[in-house]
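Enquirer: As you go down the protein sequences, you meet chains E and D in turn.
Counting from 1, position 119 in the first sequence corresponds to residue 119 in the numbering used here; the numbering is continuous, with no gaps.
Counting from 1, position 472 in the second sequence corresponds to residue 472 in the numbering used here; the numbering is continuous, with no gaps.
Where hints are given, some of them may not hold.
[Unchecked claim] DSSO-like mimics (lysine-lysine), calculated; alpha carbons at most 27 Å apart, straight line:
hint : chain 1 : residue 1 : chain 2 : residue 2
1    : D       : LYS285    : D       : LYS222
2    : E       : LYS82     : D       : LYS28
3    : E       : LYS371    : D       : LYS132
4    : D       : LYS84     : E       : LYS78
5    : E       : LYS191    : D       : LYS132
6    : E       : LYS360    : D       : LYS28
[As the list claims (entries may be wrong)] Using C-beta positions, here's what the derived DEER-type ranges look like:
hint : chain 1 : residue 1 : chain 2 : residue 2 : range
7    : E       : PHE67     : D       : GLN119    : 33 to 43 Å
8    : E       : LYS373    : D       : PHE118    : 17 to 27 Å
9    : E       : ALA417    : D       : GLU174    : 49 to 59 Å
10   : E       : PRO192    : D       : PRO357    : 22 to 32 Å
Hints are computed from structural coordinates only; laboratory data are not their basis.
All C-beta atoms, glycine included, are put in the ideal place defined by N, C-alpha and C.
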Amino acid sequence: MGYPHKPHPKETVVLSQHFGDADARTYKGWVKRGGYDALAQALKTEPAAVTEVVKESGLRGRGGAGFPTGLKWSFMPKEKKKPHYLCVNADESEPGTFKDREIMRWTPHALLEGTAIAAHAIRAEVAYIYIRGEFTEPWTIMEKALAEADAAGVFGKIKVYLHRGAGAYICGEETAMMNSIEGKRGNPRIKPPFPAAAGLFGMPTTINNVETLAAVPQILKRGAAWYKGLSLSNPKSTGTKLFSVCGHVQRPGNYEVTMGFPLKDLLYDMCGGVPAGRTLKACIPGGSSVPILNREETEACLLDYEGVVATGSMLGSGGVIVFDDSTDMVYQIMRLARFYAHESCAQCTQCREGTAWTTKILERILAGQGKTKDLDLLLDLSENMTGKTICVLSDSCAAPVVSGIKKFKSEFEDYIAGKRQPVLVA
Amino acid sequence: MADELVNLTVDGVPISVPKGTLVIEAAKQAGVLVPHYCYHPGLPVAGVCRMCLVEVEKAPKLQIACATTVAEGMVVNTQTTQAKDARQSVLELLLINHPLDCPICDQAGECELQDFVFQEGRSGTRYAEYAKRFNPVEDFGPDVLYVPNRCILCTRCVRFMEDVAQEPVLNVSERGDRAFIGIHPAARLDHPWAGNVVDLCPVGSLLSKDFLHKARAWELDKTASICTGCSQGCNITLDTRDDVVVRVRPRPNLEVNRYFICDHGRMHYRWMNRGDRIEAPLIRKDGALQATDWDEAFARVSSILRGASGKAVALVSPGASTEALALAKRLLSGGGFDWTGAFQVVMGEEAPLAGVPNLALRAERAPNAKGAEQLGYTRDYAAAVAAAQSAAVVLVLDDPDCAVQTSGALIYLGTVLGPDAPCRTAEVILPIANVAEEEGTFVNRDGREQRYFQAKPTPGMAQPAAWVLGELVAALGVAEAV
């Protein structure tokens, strides 16, 4: 173990300040570093006032959708008639994303503190931290940290449970997660009702991402104005964000930058660029579910919610997947589609059948048996898989396909025309 | 707030529906059937098949009609290009793994997948080069087969077992396009109401073994009827093929049985097709029963009734129509007899359908006990049988196993006559129709009078009991029953 790299000078270290520091994992070590001060402060404050501070800070959900966190909290019923629940989404399964894993590995108490503050703000009695099943190390660390925090009595009347996922990507979708916690099959639910009205066990529920909650203690401690000031481009995107960079870069890993930071600098300066002798070809900026950017778009992209949308993709979870010129884009897109076909919960027709069919067509193209009309078919399929289903899993499958065909069409055409050696797809 | 109405427009037709109505139900009022698979009015909304996508003005994307509630001023369009394209795509996707084995599928002709593909599907598939998913047929329960290849995973069966029967033995197993309906490894689909999953299945994936390959849907004649299996009075449809009842299916009645019937009722039809029926009136001549025509038979009954006085006993079946029971009473009591009427009911085990209030297979396994009771027939059958011994006239109405002995005249109106039946001692035997062969009413346990219709012709000279008794009442000119 050990954190692979020291912070780069261009990083803005807030969440990752104690990454690599094993002492910060312990309760004592965390308190020594000023931990749980924010919680003590929050507990003395009215829940509504805490929500107001978070609203003021401009913090937005780090799980992918980027919904303003304070606003989400304020959707909880004002008048408390039923038990309230908080769910913490630690089911980080998005291909290319590994930021929550590091938060749980190195600063479990930051998450627990944020959880307790959020629970206080939404007046929840119970909080569930839903941890991805494959995360064995984070699970062990979180278990230990929770035991320490419980022993120290930091949660007061709030009861925090760890809930371990069973290996389904779809359980990262908030309503599927609630079903999973309830012991049901992890199928997304139709909305409305929204979780704030009827969520976990039918009670008002708020679901927040790990990174979102880990930032909350910092906001309370340093003030909303400070957090709001961390913005390089659009004032609607504030604070810092962890980016998990993987793929063809010299120094992959997690990097924390201020919102609005140029993607180009992240890739070339901080990650050392693509391996020597290669050139950048494409990049997925927000986890596998978002459209692919080509080189020009990547180099022009600013890393905040609006900036990435402006270049034609989405900030998503901040999982940056980098492809250099050695990459076979058709193969990569097939690999992504296959992932979604494997993970589709099978509820909605478009997703159940569409993801599998998309994969088959891509496999056929790779095998050299594609037809020209297959590209139109893929686009038509993707069109019908977008915005028509309960959750966005099928949209996520369609996004890389559509953007891939749009931006790297010649590669598809080469396979179809027999100009490229067919790939045997296992 | 049932009286609070919401105004909206569906395909240009303005309608007003109660607040909280789902768009799919509201559309029916406008005469629009939005294609759908997972939605069923008797089940909780799932919203998974995505077939009922419609355009709602001012909504950013297409909405599913089954999970969208109406709002004041809402404008719904089911026929826009966008909505039609989306539904066409769903149909194409549903068909990619659906075997087109309609020629050997029981559901063909009443298959919602066939119907909607015919209505708005593509003329051909673009999924041509690949093999379809294959899974073997599974035996789910006493009467249910699962053909996974035809399954479109609408989950109606899963939701029925979970929320209505409340015995969750079915689930969706696996994920993605590998998914199928699974059954608990230690369980069978043998709930007393499990057969409903066959009706609920919109395609030919869940099949009734009883009906397997018996008939094509388009060969069937359908007749509204009432189940005779118990006193619940479930509304049913009798499906006949060439005048043989081949299937019983529930007929929706929200007040009585909603959309369901139990398996006991579903299987309670074979007796309607019995071949060993009494086909002609029989009268005793020179000590033996001889076939005759109706005129002579009526003449004999009239002379018996005119010549007798004192006690008369009617032993009736609680499965006889209310009309027949009323006329039997009128014939005897109006004819000046000291009248007693009684019936006996076979009892069984009660089997409620947990998710629907006041719906069960009732312990009382007869459809018209309440009607008989209301007409003054008693349940003290033993006393009536005893009284019959010394009665001047005994009328047995469709009770073939009736252990009757009498010193008086025995008149038997019935459908069958076993070789050792006590009714063979009768003076006159009149052939009558069974429930599938006549029209009439039953009164269910809650006092609801319900009509049933004739599904097939009577055998031979048999006539509905109400007609036979009506002729006799007319011939004798008896007064209104007291």
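Enquirer: Any hints this thing doesn't respect? Which numbers, in order?
Expert: When the structure is compared with the hints, numbers 1, 2, 4, 5, 6 and 9 turn out to be violated.
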